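Spelled out, the chains give:
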Amino acid sequence: MAKEKKRKEPPSDAAPPQGGEGEGKRERKGKKAKKHKAEAILPSQIKNKEKRSELHAKLKREKKAEKRKLARERSQAIRRAEELGEQPPERQVPRTIENTREPDETVCRPDDQELFAGNDADEFNAVLKQHIIPKVLITTCRFNSGRGPAFIEELMQVIPNSHYVKRGTYELKKIVEYAQNRDFTSLIVVHTNRREPDALLIMGLPDGPTAHFKLSKLILRKDIKNHGNPTSHKPELVLNNFTTRLGHRVGRMIQSLFPQDPNFRGRRVVTFHNQRDYIFFRHHRYIFETKESKVASKDKKAKTSESKSQPEKQVICRLQECGPRFTLKLLTLQHGTFDTKSGEYEWVHKPDMDTSRRRFFL
Amino acid sequence: MPRTTVVESPGCPPLRALTTDILGLVKVVEAHAKPAGAAKIVETWGAPDASRAIVAASLADRAADPVLAVARKNGVVELLNPLNGNALAAVKTVGPAPTDGGAEGDPLVALHLFTRQSSDSMLGTFIACTDKGKASMRSITKENAASGSGAGPSTTWDVCSGGNVQFCSVDHGESYAMFGGKGIEMNLWDITSCSKMWSAKSPRANSLGIFTRPWFTAGTFLCKEDHRKIVACTNDHQVRLYDTALQRRPAISVDFRESPIKAVAADPNGHDVYIGTGTGDLASFDMRTGKLLGCYIGKCSGSIRSIVRHPELPLIASCGLDSYLRIWDTNTRQLLSAVFLKQHLTTVVIDSHFSVEEPEETKSKQPESLVEAEAEVRKEKKKKKSKTVEEDEAEAEFRKEKKKKKSKSIDEDETEAEAEFWKEKKKKKSKTIEEDETEAEAVVRKEKKKKKSKTVEEDEEQVGVVDHYDSDGEMHVRKEKKKKKSRTIEEDEERDSDDEMCTPKRRKSGERSKSLKKSKKQHIA
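The listed protein sequences derive, respectively, from chains A and B.
Going by the working numbering, the first sequence opens with residue 1, and the numbers climb by one from there.
Going by the working numbering, the second sequence opens with residue 1, and the numbers climb by one from there.
Don't read these hints as lab results, they were simulated from the structure.
Mixed in with the good hints, there may be bad ones.
Listed next, the in silico DSSO-like pairs over lysine-lysine satisfying Cα-Cα at most 27 Å (straight line) [stated by the list, open to error]:
hint : chain 1 : residue 1 : chain 2 : residue 2
1    : B       : 291       : A       : 350
2    : B       : 73        : A       : 329
3    : A       : 214       : A       : 135
4    : A       : 174       : B       : 182
5    : A       : 341       : B       : 92
6    : A       : 173       : A       : 341
7    : A       : 341       : B       : 196
8    : A       : 341       : B       : 224
9    : B       : 201       : A       : 341
10   : A       : 67        : A       : 135
11   : A       : 129       : B       : 73
12   : B       : 299       : A       : 350
13   : B       : 182       : B       : 196
14   : A       : 67        : A       : 51
15   : A       : 329       : A       : 214
16   : A       : 166       : A       : 51
17   : A       : 64        : A       : 51
18   : A       : 234       : A       : 217
19   : B       : 132       : B       : 182
20   : A       : 341       : B       : 73
21   : A       : 47        : A       : 63
22   : B       : 299       : A       : 214
23   : A       : 341       : B       : 299
24   : B       : 196       : A       : 174
25   : B       : 132       : B       : 92
26   : B       : 92        : B       : 182
27   : A       : 173       : B       : 132
28   : A       : 64        : A       : 49
29   : A       : 173       : B       : 182
For each label pair, taking beta carbons as the anchor points, the in silico distance ranges come out as [to be verified]:
hint : chain 1 : residue 1 : chain 2 : residue 2 : range
30   : B       : 85        : A       : 180       : 35 to 45 Å
31   : A       : 196       : B       : 294       : 35 to 45 Å
32   : A       : 182       : B       : 81        : 44 to 54 Å
33   : B       : 294       : A       : 44        : 37 to 47 Å
34   : A       : 280       : B       : 205       : 45 to 55 Å
Just so we're clear, the structure is a prediction, and the values are computed from it rather than from any experiment.
Here a beta-carbon is modelled for each residue, glycine too, at the ideal position from N, C-alpha and C.
Given only the sequences and the hints, what does the whole structure look like? Please build it.
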């Protein structure tokens, strides 16, 4: 919407030079500022390159100065308000793609009783209500090499109670059957292409949905600077921004991979952060440390006695990243288990959905 | 850059649709003529309970005493009143052994409620078919509906020995039913005698000798009158036309994309069908030739479970796993309305007798407005007669006047009046089409308003008289006269400015009058 506005503005500014003389009355009615602006020549109207670039540079300089001036005014206003003890003026919020997202009626509302009833009826309910302990089977595509095995190794450290089974030459449907017989609750298939993991298939069992994700930006633990090695505690789980009904469902699906009773002693946290339909995976270990604040330590030795008498303690949180780092993007969500021939899809990404940058589905 | 403009949806005509979902809720969606356009959810019946999920529904679409039958996952068929959602009867219909264990092993998959009523004491008759192929026909009388257990006469027969039935469809005359499913060829049954009339034969193996097992996912009778033409859709994305009088193999078989076809509905014109697939593609086919007529493009992203065609209006409703009820225009293949209903939907039915209420209102209004319009035309005619010149001459005169006074607005008014006149003539011709008429009226009214607003702007001193709700032609005449007077009185400057303001309009009006004259001449000729 904002974009359209922007696009519309330039013509309205540029149009008057042509029709300016003809429409005397409109001008008379009093839009002198506009008339004045219209007289200015745009750089694009100049044919000589040197002159054009000169004018362009001049305009750019002016614009920059204007911006700086406004910023200064704002900061002064804030300072003044602070001095007077008033409420500082509201900060301007930059317009981003996320906060100008297209309105979506499928966004979940906390007061929606049907949503909770739907949650109680869905496939993950037994796991999430802790009636069943999640048990995950991890397998691969047929030819697994390159970073695939390393990734799986790390994935198994991330997800507790996960078991790796060699794919062999079995069909995926056979493996689903195998997993169902052994009471697995989820199945993950890591797909590699050119020795590089590029897709993730997460399946709820026995009749849960099948989500097909594109996997990208994979960074393994050894490539992360100052990485830590995770412990075997049950991790905490953070799911961010899964707002719509589809997002909610995907979120619950991811949630059902992990045990619902984390060991907080382990201080491990696994994050799935959704932003613009991309799900970012991170795995951290955190620690809360009480530290003497820097202000106290910076003070001169002259005041050492004072600072020692009142050691200003501050609790800070430090993070250490461990485990892999990757990004997922949902391609399809299939009803039922893996079935390419007769499968019904709950959601398929189609190219005609990409007509707007501000439309998100998760 | 992707195109960001949106084609304006013309909005939904008055409509009432009922959807059922996997939580056992029945939701009523209505679109009204008054705040024209979007359909809205009006009512929700039932409490969310996954064990009572609705698997199939059927509506006996009668003007008087309609009944909605819903088949639940636990093997109960309920009869509801589709107007207020009251339960009329509930019958346990699972095969010979109506126990819970049996219900779980052999759930209901298809249901059809008969539209024709054998007698007044009868609440309804329905066919229910289970997954294993146990079809049963039962009728429920009004007396023992309350007790629930006492169902009327029932007949049960086995459609097939092995395989899973996936659908059942009954023809318009309601004497034949067809069944099909996974591992079952198409079957045509005579309901009255419960005997199999015809069964299909699978197509020959292809050039590689590969033979596919039959797996039918949806089917319907093609024509209302003819029960012999059957359209069946398969899991391997084929649309097939069977002619039961002719042969057992399909007459036409067409492939559509690459996902299984999940729903099919026939058009009342007797040759078109609408199909929906497992990936949310909706298309229409002409089954005389097997040609794809076109796809319905919207942001439909989930499997389509049910399609239903409105019996009179040219629109279809589709619903499915993406939780949206979508209403499409079949002529333009445009999305008219989409309603988010929060759950995975299983079936949609359209209550075609809903629209009866609102046309009555419009009808009651129309005579008045027609009379008004006619009166207006008459007055305009009088006005012209009073000038004792024919229309063309009057125009010429006006043009002269225009040259003299430089006030073309009269001419404009004149041409507009003419336009009105012609529209109303047309209107009289097309009295049969109600909607067009009302639209034209709306246009006329708009024009009137425009005129009024103009008069308000132009002679502000004399505005006191203007009444927005009064729309008599006389008023117009008076105002025009006033305008003329005010023109002459007005100062030069203002006139100039007015002229400047109106230059483009004048040009337009000139063009319009020319074209009108042409058309008039043609008309006279």
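Against the structure shown, which of the earlier numbered hints fail to hold, in ascending order?
Per hint list: 2, 5, 7, 8, 10, 16 and 24 violated.
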